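J.: Residue-level listing of the chains:
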Amino acid sequence: MLLAVLIANSEGNILVERFNGVPAEERLHWRSFLVKLGADNLKGVKNEELLVASHKSVFIVYTVLGDVSIFVVGKDEYDELALAEAIFVITSALKDVCGKPPTERLFLDKYGKICLCLDEIVWKGLLENTDKERIKRLVRLKPPTEF
Amino acid sequence: MAQPLVKKDDDRDDEEYSPFLGIEKGAVLQEARVFNDPQLDARRCSQVITKLLYLLNQGETFTKIEATEVFFSVTKLFQSRDIGLRRMVYLMIKELSPSADEVIIVTSSLMKDMNSRTDMYRANAIRVLCRITDGTLLTQIERYLKQAIVDKNPVVASAALVSGIHLLQTNPEIVKRWSNEVQEAVQSRAALVQFHALALLHQIRQNDRLAVSKLVTSLTKGTVRSPLAQCLLIRYTSQVIRESGVNTQTGDRPFYDYLEGCLRHKAEMVIFEAARAITVLSGVTTRELTPAITVLQLFLSSSKPVLRFAAVRTLNKVAMTHPMAVTNCNIDMESLISDQNRSIATLAITTLLKTGNESSVDRLMKQITNFMSDIADEFKIVVVDAIRSLCLKFPLKYRSLMNFLSNILREEGGFEYKKAIVDSIVILIRDIPDAKESGLLHLCEFIEDCEFTYLSTQILHFLGNEGPKTSDPSKYIRYIYNRVILENATVRASAVSTLAKFGAMIDSLKPRIFILLRRCLFDNDDEVRDRATLYLNTLGGDGSVVETDKDVKEFLFGSLDIPLTNMETSLKNYIQNPSEEPFDINSVPKEVKSQPLVEKKAPGKKPTGLGAPPTGPTSTADTYERILSSIPEFTSFGKLFKSSAPVELTEAETEYAVNVVKHIFDRHVVFQYNCTNTIPEQLLENVFVIVDASEAEEFSEVGSKPLKSLPYDTPGQTFVAFEKPEGVPAVGKFSNMLRFTVKEVDTSTGEAEDDGVEDEYQLEDFEVVAADYMVKVGVSNFRNAWESMGPDFERIDEYGLGPRESLAEAVSTVINLLGMQPCEGTEVVPSNSRSHSCLLSGLYIGNMKVLVRLSFGIDASKEVAMKLAVRSEDENVSDTIHDIVASG
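Line by line, the protein sequences give chains A and B. 1 is the number of the first residue of the first sequence in full-length UniProt numbering; add one for each residue after it. 1 is the number of the first residue of the second sequence in full-length UniProt numbering; add one for each residue after it.
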């Protein structure tokens, strides 16, 4: 299960937070844990360089893209490698929507589109689409090109 | 709060602030009224939906009324033909997840979209419908979903398949009917469709071994189009291998070649999955393991942290079972200690701790000391656990390891970390007698400056039990009494109890203890005063030196043999019904109420350890002892010698799950059958096991205790007791039949019908074997123990073990046969070695210490010869050990 996708700005404020199968009372813990993890480790990291952490049986893969930091959390079959795949899809889609690694402002300007992309990528904790070209078409309700 | 958005159309790049600056829920809900306009402005509506999404993604919640209102307004947007808006509407409905009574308003629009000629409407409508649907609606749309699974458009097919995966949790019987379509989708040329179909098909058929095996066989020969699907296939293959075992004739393992081939796949994800699958094969041989270890080793020096992490994590697991296989990677691993990523560094350290040999311990400890200062507590705990295991493996190194633990105990750290260190020291004291005195002193020093009440009380309790047995108990008194002077009431009360224990055990200290206890009578806390008064009275506080009688010691040291929950209930009842009679502790029932399984599962569900700290572990032996002593029929059996690990008597996923724990007493054995009823529609009553002991001649049944009731998902126990000749390691085979009365349960009300039907259920057989009479007890220094045992009852003989798979396999077979504790890491056989010595220690029934020296040799034709030397406290026991090996 892909437990969470969280996107924060450089100050650690949450921009997008999507949880799957995480009880409401634990979400706050996760939010602060991830933000702290980012604050401790993401300084000076290059765009899209993946960092990894694990806590008991849960894995976290995170990175920076422009002004935003992206975290994905998973367990069981969503181990560090599957999460790396998921975060790769997310960063590609973000770059595609924003045209470049986004500033915070640009990210918020494209907020609606970004939500649609995330909706195509992760559906209730399962990875659904992995190809950015296809995602780009799907959010505009266009069928995939290979079809 | 639309102001920032109004400005948005100006020069965008100059705007520094957020378009959502000052966003406020009430205002956005007002704005959402625009959805009701007769002339819809699609762009404006999309903007408002974006704001609503922003609020929801920030963790904002809508009240029921707010959500309903927004939902109804959003449904109006189906009238718009704007494609972008329609996509937003689909997302918004999913986010709002309307309640069952509201769904109806949107179903017709969605059903229309689901049959639309526009493919993308279909895909999205399926996803939304499946998100909000319930069972009845699902039956209505089932036909369309089945069509969608085999739709030409991969997005439609994927939408239906992923919906199926989610729906399988809530409506399994419906989704299982789709297996033909899903089977067809597995053959799809679209990579993602195949991936989703494979996942769903496996979930549908996971309990049908044959079907899974067929699926794996056909796909491993065919084409799998995406790395994700390939990973799934490897996982399922691994499951099939686990269930089928090795081909005994050829020694080949089915599908091994497939796994090995995947090690050369171009996707790293697949390589890792295959390597992991190989490392967890049961009884994996060095030959099978080597290619997997080699690829993992290459990844250790990858530039990508994720790959380094994945590699070191896998090798860390391998090191637990096959430390020698990982030693080749030690050099790469050592360079990872300085990895910037602390997770990787911690895993590298703990792996090295597992694979290192005795001579490398000191060097490693030096490296770790530098490393500890810059990692977080959660990593430190992992390191502490690894050091504890290392110390148990190399007891001779206890000095440097214990020193390390005491040093880190003095440094800064949170509760969990300190608790891990204290727990480790306690375990080392228990298992390594030589480490006891220094360990206790380290703990004493720690409580002088300990900020955690829980830890102080735990240590005081432990000190009370162990301190009096040391060579100079008086030196601990100062530390304990300091707590009475300096600490909070809880710790003071604990310290008083500890003082009393010293008084009870050591007569010469008694007068001094009484003086200290009398001072506690003036404490300002009533619990402390009460305890002091109680102990002074029980110990005979008049100052005369008399021997403390057995009852008092039992009172001070014995555990409360009543479950605390029962005690609590009884006390509550007593308070509710006031009475003249004093409360009688004997009126508290001793029977342990079974815990509903749901509660037990709860911690497992927690994806994080960030919540409350877990409660301290109670040893299973204590729990068993408590359960057995609460059953009057078994109280006369004396002290429990050993309880085996549970042996499963049913396969996984069956109607009733039963396992058995063998409790060994001097003249009796008790079988504890742990039963779980996994059928919600059934209540089982009067559950018991009929045991056929015709193949266990020396055993005769003397009693049993049925289980009154076994509701769904609430485990319960039933017991059967047998008598056997005293001190004899009687062995035999037992066949079992579960009998019960089954009653139907109405799952909506939870009520069971009055009438039930008698039924029975065949369980698997199990055996009582010689190893059941041996407790694994390690010794810190085998050589000393061997010398001090002396050669009086030594028995030596030689055995031919015939052709074996490997030396390691022969060693582990003999260890398992005897059920003894391997000492000093001698259970690990270096690869390619032609001879090996193994040291074992244990406690045989009758509390007889036994030490064993095994020397193995293997020749070119894989014939293994073994020399067995036994020393014990009784010649019969030494002979018995030889008998066990000779007959095994």
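The set of hints was computed from the structure by calculation and includes no laboratory data. Keep in mind the model is a prediction, meaning the values are calculated, not measured. Heads up, some of the hints might be wrong.
Stated by the list, open to error - Over 12 Å on every C-beta distance to chain A, these chain B residues come out as not near it, computed from the model: (1) K51; (2) N124; (3) K304; (4) S343; (5) I344; (6) E437; (7) P468; (8) S644; (9) E697; (10) P803.
Unchecked claim - Capping the alpha-carbon separation at 27 Å, the derived lysine-lysine pairs in DSS-like fashion look like this: (11) A:K136 / B:K94; (12) A:K142 / B:K705; (13) B:K266 / A:K132; (14) A:K36 / B:K304; (15) A:K43 / B:K304; (16) B:K64 / A:K124; (17) B:K639 / B:K743; (18) A:K75 / B:K304; (19) A:K142 / B:K639; (20) B:K639 / B:K776; (21) B:K152 / A:K136.
Every residue gets a Cβ at the ideal spot worked out from N, C-alpha and C, and that includes glycine.
J.: If a hint holds in the structure, say so; if it does not, say that too.
T.: Hints, verified against the model:
1. A cut-off of 12 Å between C-beta atoms contradicts the statement that K51 (chain B) is not in contact with chain A; the least separation is 9 Å.
2. Separation of N124 (chain B) from chain A is inadequate, the least Cβ-Cβ distance of about 7 Å not exceeding the 12 Å criterion.
3. Non-interface status of K304 (chain B) relative to chain A is broken: a Cβ of that chain comes within 12 Å, the nearest being about 7 Å off.
4. Residue placement check: S343 (chain B) does not keep its beta carbon more than 12 Å from all beta carbons of chain A (closest about 5 Å).
5. With a least CB separation of 8 Å from chain A, I344 (chain B) falls inside the 12 Å interface cut-off, contrary to its annotation.
6. The claim that E437 (chain B) lies off the interface holds: its Cβ sits roughly 35 Å from the closest Cβ of chain A, which is beyond the 12 Å cut-off.
7. Separation of P468 (chain B) from chain A is adequate, the least Cβ-Cβ distance of about 39 Å exceeding the 12 Å criterion.
8. The beta carbon of S644 (chain B) sits about 28 Å from the closest Cβ of chain A, which is more than 12 Å, so the claim that it is off the interface holds.
9. A cut-off of 12 Å between C-beta atoms confirms that E697 (chain B) is not in contact with chain A; the least separation is 47 Å.
10. Distance check on P803 (chain B): its Cβ is at least 40 Å (rounded) from any Cβ of chain A, clearing the 12 Å threshold; non-interface status holds.
11. With a C-alpha separation of about 20 Å, the suggested pairing of K136 (chain A) with K94 (chain B) holds against the 27 Å cut-off.
12. With a C-alpha separation of about 68 Å, the suggested pairing of K142 (chain A) with K705 (chain B) is violated against the 27 Å cut-off.
13. Under the criterion of a C-alpha separation no larger than 27 Å, the hint pairing K266 (chain B) with K132 (chain A) is consistent with the structure, at around 21 Å.
14. A C-alpha spacing of about 22 Å is found between K36 (chain A) and K304 (chain B), which places the hinted pair at or below 27 Å, so the restraint holds.
15. Between K43 (chain A) and K304 (chain B) the CA atoms are separated by roughly 17 Å; this keeps the pair inside 27 Å, and the hint holds.
16. With a C-alpha separation of about 22 Å, the suggested pair K64 (chain B) and K124 (chain A) falls inside the 27 Å cut-off, and the hint holds.
17. For the proposed pair K639 (chain B) and K743 (chain B), the alpha carbon gap of about 38 Å is over 27 Å, so the pair is violated.
18. A C-alpha spacing of about 20 Å is found between K75 (chain A) and K304 (chain B), which places the hinted pair at or below 27 Å, so the restraint holds.
19. Straight-line distance between C-alpha atoms of K142 (chain A) and K639 (chain B) comes to about 75 Å, which puts the hinted pair past the 27 Å bound.
20. Under the criterion of a C-alpha separation no larger than 27 Å, the hint pairing K639 (chain B) with K776 (chain B) is consistent with the structure, at around 17 Å.
21. At most 27 Å may separate the alpha-carbon atoms for a hinted pair to count; K152 (chain B) and K136 (chain A) meet this at roughly 20 Å.
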